[in-house]
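J.: Residue numbers (this note's numbering), protein chains in the order written: chain C, 1 to 479; chain F, 1 to 402.
Do not rely on the hints blindly, as some may be mistaken.
Dumping the calculated DSS-like pairs for lysine-lysine here, alpha-carbon to alpha-carbon at most 25 Å [said to hold, decoys possible]: (1) C:Lys171 / F:Lys184; (2) F:Lys184 / C:Lys230; (3) C:Lys367 / C:Lys417; (4) C:Lys269 / C:Lys367; (5) C:Lys417 / C:Lys407; (6) C:Lys335 / C:Lys171.
Read the hints as simulated data drawn from the structure, not as lab findings.
Chain by chain, the residues:
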Amino acid sequence: MSETIAFLKPRADVLARRSTIIADLADLLPPEGLVHEPRELVPFETDAFVSYRRLPLAVALPTSTAEVAAVLRYCHRYGIPVVPRGAGTSLCGGAIPQEDAVVIGLSRLSRILEIDPFNRTATVQAGVTNLAISDAVSPEGFFYAPDPSSQLACTIGGNIGMNSGGAHCLKYGVTTNNLLGVTLVLVDGTVIELGGKHLDAAGYDLLGLVCGSEGQLGIVTEATVRILAKPEGARPVLFGFETSEEAGACVADVIGSGIIPVAIEFMDKPAIEICEAFAKAGYPLDVGALLIVEVEGSEAEMDAMLSLIVEIARRHGVRTVRECQSATEAALIWKGRKSAFGATGRIADYICMDGTVPLSQLSHVLKRTGEIVAGFGLRVANVFHAGDGNMHPLILFNANDPVEAAKAETAGNEILKLCVDAGGCLTGEHGVGIEKRDLMRHQYSEADLAQQMAVRAAFDPQWLMNPSKVFPLEGRPAA
Amino acid sequence: MSAILVPVCEEEAAGMIRAAAAAGRRLAISGGNTRSGFGSPVSADAVLRSAGMSGIVAYDPAEMVMTARAGTPLAEIEETLLDNGQMLSFDPIDHRAIMGTDGEPTIGGVFATNASGPRRLSAGAARDSLLGIRFVNGRGEVIRAGGRVMKNVTGLDLVKLLAGSHGTLGFLTEVTFRVLPRPKTEQTIIVSGLDDEAAARVMAAAMGLSVEVSAAAHLPESVRGRFLGGHLPEGAATVLRLEGLAASVPVRAARLRELFGRHAPVSANENEASAHLWRQIRDVAPYADSTSRPVWRVSVAPSAGFQVVAALRLEAGIDAFYDWQGGLVWMRMEADPEPDLLRRAIAHFGGGHATLMRASAQMRTTVPAFEPLSPAVAALSARVKQQLDPAGIFNPGKMAGL
């Protein structure tokens with residue numbers, strides 16, 4: 001793929017000192033905690049935004065907050081860029097390194113430190129995976145709510161970096177709403193604690209600022225998160241509609257009626273076909289759009305909510321209603337949805353957009369998305385969180401065809417601009433990374449961006465932390 | 001403080017702030033002036049009020065999002081939401097009774113102080129509902145952050161930073177926030193006669209169940225009579241709120257009654273009585289006593305609340321009741337605010353923070369109202385403040401060192 005997104009020019013002085021830096025880092029870390037052989041660096045050269053790759057200078061794999069602090073202190077002293085990395089599942093290139101950077105990988109910080117059912121908290125190291133938290137608290141009857149599709153692999157540190165969402169955030173919120181405290185290592189190696197098991201901050205809400213800052217403000221090594229009592233039951237229901245417009249109108253009416261399901265997922269015809277072929281979830285193939293609506297609670301409660309929702313769906317001409325009779329059926333419905341990205345990846349290369357739009361704009365944006373992609377002679381599959389307006393158009397293309405790849409990227413950018421122009425934003429849960437960095441001026445004014453960068457400078461005036469990301473490379477304040 | 005500046009639009013506010021910054025004139029920021037007494041005393045040359053910028057800008061109930069100018073009276077917003085069967089989920093506390101202030105609370109003031117009530121435990125704080133803001137920074141520049149969609153991770157989250165910054169980082173001009181459907185029915189389960197520790201255990205057990213308790217408070221015998229005109233049953237009241245569909249609330253209530261009724265008398269309040277009780281808890285009714293006896297708002301882990309209170313009782317005359325599953329302690333001191341005793345106890349039992357909400361003017365000058373920060377966090381916060389308000393003109397003195 002041709003590279004249209006630039007990285008910062010590697011710092012020549014850093015590259016020149018490569019062997020010294022590696023030797024120094026080796027003194028700070030246990031032997032297995034430093035990776036620097038080019039062959040061994042390859043697994044770290046990209047993340048899930050695979051079109052871009054850079055071999056880092058070295059990879060540090062610390063096992064403690066103290067080791068993270070030591071590496072940061074060293075890099076800060078010698079002006080070496082640092083790129084934090086969780087599991088490398090970023091869809092926007094948030095964890096892609098650069099040639100002059102030391103990657104600080106958190107995979108070995110993988111201990112669950114404390115489960116506290118009384119206070120409904122779990123305290124874990126940053127490299128613990130999202131799903132591992134839910135698994136660990138499950139015997140006590142709890143779960144951790146934010147559930148990105150990559151939850152089997154992605155780490156809580158990465159989730160905090162990106163303020164990750166998931167299918168169930170309509171009811172439970174995203175990472176920032178479920179995060180109570182962090183241990184944060186600042187760029188100069190200073191270790192601070194923000195929050196804890198109590199609610200709200202004593203001073204400024206720095207926890208809220210750090211969440212979603214994409215590794216630009218420091219490195220989180222430990223986190224305390226809210227765990228919730230598992231619902232008595234959960235039931236997804238499939239609704240098939242003739243058109244996307246009908247499905248969209250149904251979503252707006254469900255929300256407007258005062259019912260908040262835990263999830264409302266939307267799939268258009270191409271997405272249904274792709275997912276069904278892969279997951280054999282029993283999705284109807286004779287409809288133009290599908291909604292998966294999930295409700296939670298006791299049997300009585302779910303029955304009451306579902307009868308209201310079914311009634312609304314009927315008003316919008318629903319063609320298929322499939323309530324599931326067993327946990328296996330419910331799991332299958334979700335399997336189809338959660339495998340959407342993987343299933344798409346089997347039939348084509350794709351890029352996944354992540355704009356969010358106001359609910360009233362859903363139909364318009366869907367229609368325009370189809371037109372934009374068709375205009376480039378490409379195909380698109382839409383699968384997204386309809387309840388909160390977070391769109392995920394998957395633009396299909398052939399990565400071996402540079403012209404097609406460039407078209408896909410351009411189409412993606414136009415879709416994101418469309419989302420912003422419709423009153424939404426560039427990214428709802430994946431982050432800016434490098435992918436949307438150069439579109440930031442479409443969403444923000446110069447003053448807005450300058451203010452964000454000024455706040456960033458309060459943490460990292462020299463732009464050492466994940467420096468090629470989030471903010472356009474031009475127009476940055478001098479270090 | 002001589003001048004009172006009341007801009008009628010954002011542009012005018014920006015001009016006033018630019019002029020103030022150029023002249024080094026310090027501004028006390030306020031909305032309806034009902035929460036202005038928060039924090040340590042402000043030394044300012046003029047007051048800048050948002051009250052002139054009022055009105056709902058956009059509201060589509062089906063999107064569950066509202067945009068309003070910062071000076072819009074909270075009452076206007078709540079009334080509009082009520083007409084559409086919706087509400088602010090975070091339950092903003094009305095500080096007038098406890099602080100002895102009058103005037104109209106504004107929506108800007110709600111978010112600037114991150115004012116949340118009992119439902120904060122389950123539905124998040126004001127900051128969790130805040131989706132987007134417009135504000136004027138200390139250079140007089142208009143800045144927009146966030147947006148009007150529920151999921152937005154585009155750039156740094158300045159929205160959270162400004163929420164709860166008590167007017168020290170910027171002058172809010174417009175806020176966009178998420179609203180939720182108002183529950184169709186509600187019921188409060190009252191478990192009577194528990195001591196503070198037993199109550200904490202009951203609340204923790206209730207929150208650990210799948211019945212979705214939306215709020216949990218404990219009203220010891222010393223304050224019980226101050227609620228619902230003295231009509232709560234005999235003994236301390238541990239109260240658990242259930243809200244939702246008419247088909248589900250009674251089912252969930254029955255589960256709680258069955259579980260806790262084995263060990264203590266259990267009763268229930270429904271709908272209006274229930275809502276009234278939670279408004280009184282939210283607004284700290286027992287300490288709305290028209291005195292200036294010191295009142296603290298303490299936020300700790302739920303398991304620590306009763307321990308902090310028990311430890312303090314050995315050394316000082318205090319009265320206390322609990323919200324947020326026991327993690328929010330409202331504490332009235334008989335005489336001295338005893339900040340050192342209190343803050344030591346909080347640190348000892350796992351950390352948290354104490355805010356001096358009410359005290360005599362003299363005490364306010366000597367006791368830091370907000371919890372002192374660790375040196376590293378204080379330094380970082382000061383650098384953040386510097387980037388938003390370089391001349392230090394917004395609410396100087398309110399948050400110690402900021």
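J.: State for each hint whether it applies.
T.: For each hint, the structure was consulted:
1. C:Lys171 / F:Lys184: 17 Å, holds
2. F:Lys184 / C:Lys230: Since the Cα atoms of F:Lys184 and C:Lys230 sit roughly 23 Å apart, the hinted pair holds (cutoff 25 Å).
3. C:Lys367 / C:Lys417: It holds: about 15 Å lies between the C-alpha atoms, which stays within 25 Å.
4. C:Lys269 / C:Lys367: 13 Å, holds
5. C:Lys417 / C:Lys407: 15 Å, holds
6. C:Lys335 / C:Lys171: Status holds; Cα separation ~20 Å.
Hint compliance for this structure: no hint is broken.
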